[in-house]
Structure formats: C-alpha cells, structure tokens
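As you go down the protein sequences, you meet chains A and B in turn. Under numbering that gives the first Met the number 0, the residue at position 503 of the first sequence is numbered 502, and the numbers go up by one with no gaps. Under numbering that gives the first Met the number 0, the residue at position 17 of the second sequence is numbered 16, and the numbers go up by one with no gaps.
Just to be clear, a hint being listed does not mean it is correct.
As the list claims (entries may be wrong) - Selected chain A positions facing chain B (in silico; Cβ < 8 Å):
{"id": "1", "residue": "Y393"}
{"id": "2", "residue": "G416"}
{"id": "3", "residue": "P465"}
{"id": "4", "residue": "S480"}
{"id": "5", "residue": "R482"}
{"id": "6", "residue": "Q495"}
{"id": "7", "residue": "S743"}
To be verified - Covered stretches of chain B (in silico footprint by chain A; criterion: 3 or more residues with CB under 8 Å from a CB of chain A, positions within the stretch not fixed):
{"id": "8", "segment": "26 to 37"}
{"id": "9", "segment": "113 to 120"}
{"id": "10", "segment": "144 to 154"}
Claimed, not checked - Anything over 10 Å on all C-beta distances counts as not near chain B; from chain A, calculated:
{"id": "11", "residue": "Y494"}
{"id": "12", "residue": "M611"}
{"id": "13", "residue": "F709"}
If you're looking for bench data, these hints aren't it; they were derived computationally from the structure. Virtual Cβ for every residue (Gly too), placed ideally from N, Cα, C.
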Amino acid sequence: MVLAGFLPSMAQAEGGAAAFAQLGHLLDTPTETRLASGAPGPGYWQQRADYAITVRLDDDKQRIEGSETITYHNKSPHALSYLWLQLDQNRYALGSDAYLTQTTSSFEELTYRRVASMLEQERFDGGTRIAFVRGEDGADLPYVINKTMLRIDLPTALAAGDSMKFSVGWSHNIIDATLISARGGYEYFDADDNYLYEIAQWYPRVAAYTDYQGWQHKQFLGSGEFTLELGDFDLAITVPADHIVAATGELQNADEVLSAEQLQRFNAAKEPGDQRFIVTPEEAKANESGRAKGEKTWRFRAENVRDVAFASSRKFIWDAQTVKNGGRNVMAMSFYPNEGEPLWSQYSTPAIVHTMEVYSRYTFDYPYPVSISVNGPVGGMEYPMITFNGPRPYEDGTYWDTRQKPGDTSGRRNKYGLISVIIHEVGHNYFPMIVNSDERQWTWMDEGINSFLQTLAEHEWEEDYPSRRGEPEQLIPYMISDRQVPIMTNSESVYQLGNNAYGKPAIALSILRESVMGRDLFDHAFREYAQRWKFKRPTPGDFFRTMEDASAVDLDWFWRGWFYGTGHVDVAIDNVQLYQIDTRNPDIEKAWQKDQEEAREPSVTESRNADMQRLVDRNPALEDFYNSYDEFAVTPWDYAQYESLKEGLTERELALLEEDHFFYAVTFLNKGGLVTPLPLRITYADNSVEELMIPAEIWRRDADKVTKVFIRDREITQISFDPQRRTADANEADNDWPRQIRPSRFQLFKESEQPNPMRRYDEEAWKQIIK
Amino acid sequence: MGRGALLRALLAFLLIPQALWAHPFHGSYAELEWSQGGTLDVAIKVIPEDLERALTSLAGTKTVLRDTPPVRALLVQYLDKHFRVLPENPSTQTQIVGMELDHRDTWIYFSIPATPNSAPRLRNTVLMDLEATQTNRVKRLWLPEAPVLVFSAAEPERDL
Ligand SMILES: [Zn+2]
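So here's chain B without its partners, still in its complex pose (with noise of 0.2 Å):
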C-alpha cells in the first residue's frame, strides 16, 4: 500500500464518521453451485450496513448500497479481491447477476468463472476487511449432507 492511498484514505475517514457496533453480528451466508456454463454461481447475504461501509472505503467516498452501475462497479472490484476461488483464472471475473436489498435481508448474485474440476479452493474474506470478528458461512449446494464451511481470520481458504 501506497502513503498516498493511506493518507487519502484517513482523510476520507476523518469526514465520514462510521456507526460501529459494539455488538458483533458481523457475518455472511452464501450459496454455492457450479453452472452448466462454467461459472460458480453465487447468492450471498450479508449485512447491507456492513456491505455499505466496506464499499464507502473502497471508493474512498461516501456510498449508498443501491441497485445502480456505479455500486455495481465496486461489488464487482470488491468480490473479485474477496470472493475468490484458487486457482484462478485472471483474465475473467465476477458476473454481478442481481441483487435484493433489504434491511432484513440483504443478497447479491454473482457468478465467478470456475469449474469443479481443478480441486477448487475458496478464499471469502468478505467483509474481514472491516471487522476482526466476521464469519463468512458458504453451503455448498452439491453437497446437502456436508456441514457448511466457515470463513474467518484464522481460516480465509478452504477447499471446496
């Protein structure tokens, strides 16, 4: 990381005071399955505050968690450095398909070109940028019997 791209950012944050919860619901849930098309297809939830606050810090600039191009923009720069399936293939990336934003329930769709046939890992860091504490959840779809994995700081990447 650049000086300048911390000092612009401490500046944007001295401007825009952030809520932080002393009660820690910080967590995601995810869906998983693979497409005939080559792609992982994916529904998450997550805390659109949170959501919010992470995509305000990456555009360096006040953002609402709305349905537009320009969020859609930074969902797809935020996924693809956090959302991630190893090994990876560089030259594609993250397909934002849709998203429904509710207080209660918040969930983006994507797709990530990928196939189940390289022994796939999962690197989910969502929202760990923000929060110390987060636990991402993933359900992977062709496995219903399988326990659903859980993300952290101490454990980022797991197989899929």
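Extracted from the complex, chain A is given alone in its bound form (with noise of 0.2 Å):
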C-alpha cells in the first residue's frame, strides 16, 4: 500500500479556524428582547404612533401645507423627555449636509443634465418650514432643529406605558424630480402643461426609538433611507377636483370624490376578478385639458403601516384586480398617465399581483388591503401599500413585442425593466415596510433581502426572465474588485452601494439556498425569520441567529466571509495525482510495469538513434546476460517473496489486495480567501458523468490548501469545480484538471465572424453597418 506519506495535512490549522470561528462578539449579547435563537423575547417592545394628517397640494405653486396631531405611545420600560422627528425634506434645503458633502469627478465630462441638476439645487428653496409644535392643550411646546430632526422638549417627561398628543404643521416646496434625482416630486408635462405629484418623506414623522440603539436619529444624506414606528393613519389630502389620488390605505370617500360612473367601476373592482380600468386611458387624455375650479378631499385609513406616501394628478389612468391573498382581498391598483402605454396597462398590476403572490409563499399573507404602482418621475421607491416606478416606452410607444423586427432584443429594456422594478418596489412591502429593519443602519437587510426574493419571482415570471441579479457570476466583477467594503457597514458609508447592498448579499442569499443549506431547510428557516419579525425590528444578528436556529446548520463560517469580510470565492484544482494499489502479485505488477515503460514516448535522442547499428551488434562478444535479460520477466523468486507476503497477512488485507481502485489525491487552492462549499463534476473514462457536492467544512482545518482523496474504480478523465457557476468563482481558468482553454469575450465576439442576432434579419443593415 503507498496511501500513507499523502494524506492531507492536518497542520496549517490558523486560517481554517478563523474562517471557521463563531461569530460571537460581532453580534449583540443576546438579551430577553432579543433572544439567542434569533426570535423576539418576553420582554420585546417597540413604540407606535398614530396620525392623523390634513395635506393641501398647490398646483400652482408645486407646494404643499399640513398638519398632523400624531399620538405617540411610549411602550419603552423607560421614560422619555424629548422625542424626535424626522424632516427628511431638509435634505433638499439650500446648504444641507446631503449637498455640502456631494463629491463629482471632474466639471468638463458632466452631462448637461447633471449641471443643470447642480443649477437646480442651487435654486430650489427647499426643506420643512414649521408653523407650529403644540401639545394636546393647544400650548407651544419647545422645539430645537438639527438639519434632519427635530426635537421636541417635553414639559414632563412621558413616562413608560404613557401616551400623548402633540401636533405639528408644516409646509415645503415640492422638488422638480425630473432635475434632482429624488424619492418624490413633480414631473411637468410640457405638450399639456400639466404636473404629476409623486408626495414621499413629506410629512414630519416620529423617529425611531429602540432597545438596540436609543433614537435613530443618524442625520439623512440621501443614501439610508428611513425606519420608522408602525401606526394608524388618517389622512385626508386636498387636491384640484379634476385630480385623481393614490395613496397609503383604503380610500374611505369615494362617493365624494368619483364621478357616478367611476364609482361604479370602483366598487365592480372590489370584487375578485379580471383587471378593468376605473379612469381608462381615454378619460385620463380628456381630463388634461381641462382645469376644474374647485378641491376635493380625498380621504383615506391605513393600519399598522410606518408611513404614508400619495400621488396626484389629473392625467391618470387608473387600473384595478382585486385578488385573494391569504384569505382576504387585496386590491391590486396602477395609475399612469398616457405616456406610460401601451407598457403600463399590460404589466403593472400583473406585476404587482405576481409579486405578492411569490413573496407571499415565502413569507406570510400580504396584511393590507391595497397595493399600487404608480408611474412618475421617481425611478423606483416603495412606502406602504404604494411604490413609484419610473420605466416608460420609448415616445412613439414601441417596447420590445410590438413594433421592432424580430430578434432585435433592444427594446426589452423598457418591459423587463419596468416589471422587475415594480416587483422590487412592491417587494419592499414585505422588506422593510412590514419586516421593519433600519434602512439607515443596514441598507442590506432590506435592499439585499429583497433583491433576492425579487430574482425569485422573476424566474417564476417566464423562463429565461433576464435577471440582472439572478445568477452568482454576474457578481464576480464586483467580488474580485480593489476598493470594498463588507456588507456590514453602515448604510452611508457604503462604497459601490449597489453591488456591495443589493447584488452581493442577494446572491449571497442564493448560494446559501441553492448550494449551502438546500432549498427546503433554507425556505423554512428564511420563512421563520419573516414570521418572527413581521411588524417588528429585527437587527441583523437576529437575521444570522434565525437562520441557524431554525436549520442546524452552522453558518457562521458564512456570515463571516460573506458579510463581514471582503474575500471572494477563487478555488483552483491545483494537482491531481493517481494513485493504484501495489497488489505485489508479480503477473499483475510487472505487466503493468512493462505497460507503462511500453507506453512512454521515446526522446528525441532514442527515436532518432532507432536504427543505428551499435557496437554490440556488431561484436557479439561484449553481450552478458544483462544485455538480453527481460527485467518484466517474473522469476521464480517473485512467487516466492509473494508467497512469503500472503502468509504474513490476514484475510481482510488479502482482500484489500485484491481490490482494482483508483485513487485520486486532488489538492484545491483557496486562491480568493472566501471559504466556499465545492461543487465537482467528475467525469470518467466511459464518459459517465458523477456530480458530488463537497460541504464548506473541508476547509476548516486550512482555509488555504486542502487534499482529499477520491477512490473510484473507474479511470477518471476529467474534474471540474463548479461546472454549473453556482459559487461566483472569480477565475474559471483554474477549475478544471486537466486545464481546459477558455478564450477572452472580445475574442469570442470578433473571431464569430457573423453578424448578431439583431441583424441577422435584414440584410441591408448588417452589410452597411459591419463593413
């Protein structure tokens, strides 16, 4: 036997251990509000406000004037004397740390817009203006402003379990959002001098207060977005007559506020059914032209949301399906104007149902009564029961199935763009409206979470739905670049917000569930995390904590590498070697020793020298026996010294003897530094193909260099890590043994001479545009 002298190493423990090391201290001492297992404790508790709230849009000035009497329970154990508000429209305010601290590369290579956008800041007097803080009694209560927030000194401090009032109005210009990328704003329509209103972070809103941190009050710059208390509203919200209003909750008036006929198609809707317009497109292009004298209040009731947000104008259209989820209705509503179509009518609200019909599955019941997509100037942004999305067709309506020849794929953009944003931005209800974590701490724990489930439902869209997060190779650019920062950095501070919030830990997610736990643990644990925490706070180590709890399995080697370090996953297959019993049998052994010096190529030297005559040919007299003597002969004596083996052994290791194996000892480089569970493909010599999946533990021992021995009885030809890319491995070049060629992509793209499949239907164009 010659297995000894290569059995893997068991020195080198460091880097394996440390990959490997409990997360322990990163994480908060578990407490009785936050539970070791990752689930909320006997003693959890978070605040709760209640509004009631009275807006008044001017469409002639683009402004709008509030107030709001918020109640604010203090379910803390402690008490509290001042609270804090959030101006969040401050950021917009002449000189506002959001704008003092923007940075730009150089002034000559700025596109117009962004200079006009620069101009626009410089002009737009924005920010809150307020009129007023009183208590329940009417009296003034002392304020102090601190660029985003507010607080307000109580005259006593409001004890634990104790409620109170106090009100507040305000008024704030509304920001030109087609100039100044924003959450909210106005889009002007030129062609028919008309405004839509996208109203969001608009209204002075209670800051969070929390076991885990005291008040949230990190001052906004423009990146984390918000987290705020869970609450009751109110709000009546007064606009031009001829406006149509979409908003956080149930519409309580709308015999007020619809026209007969749009009325009774509003109440049709409410019935589970097909999608049917309540304004169709039409009626919206009718109504821009005209300019009703008068307001309208539009009243509307939501329970149990962290905020409200609203839109407004007289050019929407207006679509609903009501749809059951969970045993209760859910009106699904799209308003658009007319230069939405014909992309809105066809996707939103299938879009909008579709989402909560994936997500649903892997969370629990949609809990509101409506969900809308709105179309404006915001690219994408969810409140509540309502998201804005910006994707529109082209000006001459084409998208990518109606008018362009077929194969030119260049048009998808607007469908596929529009489809997954408002699956991402409907996607948000789940995480963080409901799943209430602080976006201005952890970007990730609602844009990650999201992103992930988002690609989830993509792919249950239609096969081949081209996810731009779906798969764990799209983020190798991003996981082998210079200038990062782990996932578990502040939400401001992030570097390359997109990937390192969105795309690393949506696939981070993924890999955990397609190539770690599996699918069923993961969807169990995840659904778990989702139920414990609906309507509450979780922190991330309640994220970590849950998913191990609920699973069994250890993942803090993950966490650990995926969110809290920069590494990337690299493996190279860095040797193979052969290894086949010595079964000391001399038929067997010597045969195969004359096979291999048979099967070894001569040099140079020997195959060019075959013919010549040598001396010894020419006198036979200096041949000895060595000159003719057969080294693979076996002799006599070989029987013996096997004879004398055999008797020495027992019958177990006669047998072992016996045994025709192949032994593989393949040592795999960890080249990246991310420890990574390995995917192998082996294929052997009669072309049969074996997948085996290797768990993460392998390395943690040495994180660096592992061997592991393979025994088959079958030759292989060939091993490949992660054949199906399922790891983000950086370099494929070093996945397969032997080594396999793979050309560069521009390579790729000018050796195939042919032109691509946009052309490839229309002669003249490839012929011009290739030559």
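Take the two lone chains and join them into the complex the hints point to.
As structure tokens, this is what we get:
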C-alpha cells in the first residue's frame, strides 16, 4: 500500500480556524428582548405612533401645506424627556449636509443634465418650514431643529407605558424630480401643461426609538432611507377637483371624490376578478385639458404601517384587480399617465399581483387591503401599500414585442425594466415595511433580502427572464474589485452601494439556498425569520441567528466570510495525482510495469537513434546476461516473495490487495480567501458523469489548501470545479483538471464573424454596419 | 462650456423627462487585453438605460440605443471622452468592433490604439457624467490574479 505519505496535512490550523470561528462578540449579547435563538423575547417592545394628517396640494406653486396630530405611545420601559422627529425634506434645503458633502469627478465631463441638476439645487428653495408644534392643550411646545432632525422638549417626561398627543404644522416646496434625483417630487408635462406629483418623506415623522440603539436620529444624507414606528393613519388630502389621488391606505370617501361612473367601476373592481379600468386612457387624455375650479378632499385610512405616501395628477389612468391573498381580498392598482402606455396597462397590475403571490409564499400573507404602483418621475421607490416606478416605453410607444424586428431585443429594457422595478418596489412591502429593519443603519437588510426575493419572482414570471442579479457569476466583477467594504457597513458609508447592499447579499442568499443549506432547509428558516419579525424590528444578528436556529446548519463561517469580509471565491484545482494499490502479485505488477514502460514516449534522441548500428551488434562478444535480460519477466524468486508476503497477511488485508481501485489525490487551492462548498463534476473514461457537493467545512482546518482523496473503481478523465457556476468563482481558467482553454469575451466576439442576432434579419442593415 | 451650449441642453431636458433611479445600480465592467496590432481591446458591459441617457445627452435629442451608424458615431464620440488611455495618441480614435444589446447584458466591443510600452494609465469616467455614484470596474486580462480596478468620481484615473 502506498497511501500513507499523502494524507491531508493537519498542520496550518490557523486559516481554517479563523474562517470557521463562531461569530461570538460580533453579534449583540442576547437579552430577554432579543433572544440567542434570533427570535423576539418575552421582554420585546417597540414604540407606536398614530397620525391624523390633513394636507393641501398647491398645484399652482408646487407646494404642500399640512398639519398633523400624532399620538405617541411610549411602550418602552424608559421615561422620555424629549422626542425626535425626522424632517427628510431638509436634505433639499440650501446648504444641507447632503449637498455640502456631494462629490463629482470633473466638471468638463458632466452631462448638461448634471449641470442643470446642480443649478436646480442652488435655485430650489427646499426644506420643511415648521409652522407650529403644540401639545394637546394647544400650548406651544419648545423644539430644536438640527438639520434633518427636530427635537421636541417635553414639559414633563413621558413615562414608560404612557401616551401623549401633539400637533405639528408645516409646509414645503415640492422638488422637480426630473431634475434632482429624489424619492418624491413632481414631473411637468410641457405638451399638456400638467403636473404629476409623487409625494414621499413629506410630513414630520417620529423617529424610531429602539432597544438596540435608542433614538435612530442619524442625519439623512440621501442613501440610508429610513425606519419609523408602526401606527394607524387617517389621511385627508386636498387637491384640485379633477385630480386622481393614490395613497397608502383604503379610500374612505369614494362616493365624494369619484364620478358616478368611476364609483360604479371602483365598486365592481373591489370584487375578485379580472383587471379593469376605473379611469380609462381616453378619459385620462380628456382630463388633461380640463381645469376644474375648486378642490376635493380624498380620505384614506391605513392601519399598522410605518409611513404613508401619495400621488396626484389629472393625467392618471387608473386600473385595478382584486385578488385573494391568504384568504383576504387585496386590491392591486396602477396609476399612470398616457405616456406609460401601452406598457403599463399590460404589465403593471399583473406584476403587483405576481409579486404578492410569490413573496407571500416565502414569507407571510400580504396583510394590507391595497397594493399600488404609480408611474411618474421617480425611478423606483417604495412606501407601505404604494410604490413609484419609472420605466416607460419610448415616445413612439414601442417596446420589445410591439413594433421591433424579430430578434431585436434592444427594446426589452423597457418591458423588463418595468416588471423588475415593480416586483422590487412592491416586494419592499415585505422588507422593510412589514419586517421593519433599520434602513438608515443597514441597507442590505431590506435591499439585499428584497433583491434576493425579486429574482425568485422574476424566475417565476417566464423562462429565461433577463434577471440582472439572478446568477452568482454576475457578481464576480464586484467581488474581485479592489475598493470594497464589507456588507456589514453603515448605509451612508457603503462604497459601490448597488453591489454591496443589493447584489452581494442577494447572491449570498441565493448561494446559501442553492449550494449550502438546500432549498428545504433554507426556505423553512427564511420563512421563520419573516414570521418572527413581521411588524417588528430585526437587527442583522436576529437574521443570522434565526437562519441557524431553524436549520441546524452552522453558518457562522458564511456570515463571517460573506457579510463581515471582502474576500471572494476563487478555487483552483492545483494538482491531481493518481495512486493505485500495489497488489504485490508479480504477474499483475510486472505486466503493469511493462505496459507503463512501453507506453512511455521515446525521447528525440532515442527515436532518431532507433535504427542505429551499435557496437554490441557488430561485436557480440561484448554481450552478457544483462543484454538479453527481460526486467519484466516474472521469476521464481518473485513468486516466492509474493507467497511469503501473503502468509503474513490477514484475510481482510489479502482481500484489499485484490481490489482494483484508483486513488485520486486532488489538491484544491483557495486563492480568493472566501471559503466555499466545492461542487464537483467527475467525468470517467466510459463518459459517465458524477456530480458531487463537498461542504465548505472541508476548509475548517486549513482554509488555503486541502487535498482530498477520491477512491473510484474507474478511471477519471476530468474533474471540474463548479461547472454550473454556482459559487461566484472568480477565475474559471483553473477550475478543471486537465486545464481547459477559455478565450476572452472580446476574442469570442471578434472571431465569430457573423452578424449578431439583431442584424441577421435585415441583410441591408448588417452589410452596411459591419463593413 | 459656452453659455449657448448649456442653454440648448437645458431646453433639451425640459423636453425629455428622464427616469431617475432612486436605487443605485450604477456600474460598468470592462475586460481589457492588448492586441498584437497595437490596440487595447475592450469589452465593456454597461446598463443600457444609463448609456442611452448619456448618448441622448450628448446628442441633445432622444437617442435609442441600437446598433446603427449614427449611434456608433455617437458612441465613438462618447468613448473618446470617457474611456481614455493616457498618455494619448491624439491622431487616433476608438474603433467600435460591435455590440450586444440586451436588457440583462449590454456589451460594447471597441479598440483603442495604444501599446503597453509607455506605462499607460486609464481614465475611465464612463457614465460618471450622469451619476455621482457611478463605479466602473476594469479587469486586466494580462494580469489574471490582480484585483479588478475600481474607477469612481474620487478616483477616475489609475495605472494599468
Ligand atoms: Zn429597493
């Protein structure tokens, strides 16, 4: 036997032990509020704030003016001597921190649009004007504004368990969201002289006060979105009488704001059935040229939400479809101008319905009565029950499958851009609107988890859906880039935010599901997390702990590598050695040695000398025994040796000698630093194929280099690491034994001298363009 | 920038409402290799909506990203400005080799006359003219083990 000498080395424990060290002190110490299992504990508490808001939209001055009464419930075990409110609009105030800390590359390279945007920032009179802050008795309460935060000083501390009412009056100018990238604002349509408003982060909102960090009053710089307290909202929105309004919540006075015909359609749409118009495209078009005198007040009520937003315009088409979700009716609705057609009436509401169907399966039933998608200037943003989604068709109304040539997929971006953004934004109802994580602290907890679910929903939309974040390989350029910070970085400091907080955690969860835990264990644990924390506030530790707690899979190495580290996956098959058992049977071994010798390729000198006349040929007197001796011939001495060996062996040892096995010692190098399971494909000489998954724990002692022995009864012709590209392995060139040559993308493109698919249908076009 | 040009651009923008993304997916990825023929060959993957907006801005009129001669001409103009090998050879310009335009993956293939002999640097400000948070990643295929370089507004130029 020759196995001894190459068993995997047990030395070099450090790298492996560090990669597999338990998270320990990186997580908060468990308490009775947040348990070590990752669940909320018996001492769990969170604050609550109920709002009654009245607001008036000024369509002439693009401005809103409002007042609100907030009932704040102090459910914490602490007395509070002051309350903090968020004034997110102050981000757009002249001289705000967001503006002061903005950076650019070089001025000459900016587009005109960016320059226009910078000019608008200088011109726009943004920010919230506070008219009053009053207690329940009507007396003014003292307050202090610190940039995007407002502190109300209470005359007497609000005791644990007590509630208080106070009122705030405010106003602000609405930003032009086509000029300044914003989460809400207006769009002006020159052709028909109309405005479309998407109003968000618009009223003074009570900041979160939590067990894990006290007041969340980190200043708003633009990236870290928000977290707020859950509560019930009564909303009264006054707009020009011919506007159509969409808002968080259920419409309370449809009979006062809709025409008789609209009301009849609205009531019909409340029953489960097909998608139908409440305002048709033709009616919306006609509405564009009207200028109603007077105003109407739309009333909405929303329960158990952490925020409210709304949209208003006389340009809105309105369609709706009521579907069942977990036994209750949900009204999916879309509001869009004619500029969104024909894309919006075909895809928006179906995308809302599809999102709720898929997300609920992985989490919990959708708990709200409506889910809305609005088209306007905002590219994509989410609020409870209402989302703003930007994509439209080209101005001639074309998109992928209407007027383009077959094979030309350039216009697909409108259709799939729209579907994807709606799935994403509607999906945010689940994370973070209901599973109320802290966006201002951890962007990945909602964006990463939501992007992961978004991909699952896209895969269920149609085969080969062009998901931009579906596959691990799509993340590789980021994973191997040189300016990275860990996922566990504060929202405002994250570099390469899209990849860090959306792409990487989404792909990490996908790898966890497909290649580490398996779908069943993952789906159960993930649903457990969603169920435990719906309408509550999880922290990263609660997520990490629940995923382990519900699955019995130790994932500390995974969180450590993917969430706390910046390594990437790059495994190389360094070396493969074949060993076979020396049977000691001289008939077998000498024949094998002879085969090996004969199979050896002669050297150049040997082959050129093959026909040479040698001295011993001319003078046979020089020959002796060794000139004719066959070194591979079996001699009686060999048999005697074999017999005496066998006498010394037990029966089991003898049987082992008889076995005809191949021993392959395969050495894997971890060049990227991030430990990973090893999905392997082994191809045999008879062309059969074996798929194998080696858990990441293979690296637990040495995270840099491991040797694994594969014992097989057939000859292996190829070993491939990760042929299905499931680990985000950065360099495929060293994934195969024997090595495979892979040309670069540029070479591939250049060498394929054919026109690409979009040109193949039109001979004139490709002849002209290519030459 | 002349006053006339700026004014023209502002007017163009009033006529062309642009979808803005609250969600910061702004990035590109390029693979580079030196060719025998004295060029740097580039395959760059971009977000097509972003490139379409940049070309629209450059043209001053709504431009749809399709593989047509006028779009190729615009692209050359754009890349000459935003993807530059330094020190530059002023008499030569970017050659578009081809493009693959799909929603998921949009790749543009082009060559820049350049050689690795003169300690070249790359200035890559592709789409940074649109978004302050744009980051561009560049892989040098002749250095397979080296990290991918990240270009950002803070660091638009790096050694190749
Ligand atoms: Zn999002």
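Structure-based check of each hint:
1. Y393: Constraint on Y393(A) satisfied, holds at 6 Å.
2. G416: OK, holds: G416(A) within 8 Å of chain B, min 6 Å.
3. P465: Check passed: Cβ of P465(A) comes within 4 Å of chain B, closer than 8 Å.
4. S480: Given a least distance of 4 Å, the restraint on S480(A) holds.
5. R482: With Cβ-Cβ at 4 Å, under 8 Å, it holds.
6. Q495: Because about 5 Å separates Q495(A) from the closest Cβ in chain B, which is inside the 8 Å limit, the hint holds.
7. S743: Interface hint status for S743(A): holds (6 Å vs cutoff 8 Å).
8. 26 to 37: holds (count 4)
9. 113 to 120: violated (count 0)
10. 144 to 154: Check passed, 9 qualifying residues.
11. Y494: 8 Å, violated
12. M611: About 44 Å separates M611(A) from the closest Cβ of chain B, which puts it past 10 Å; holds.
13. F709: Fine: 27 Å to the nearest Cβ keeps F709(A) off the interface.
Of the hints listed earlier, those the structure fails to meet are numbers 9, 11, in rising order.
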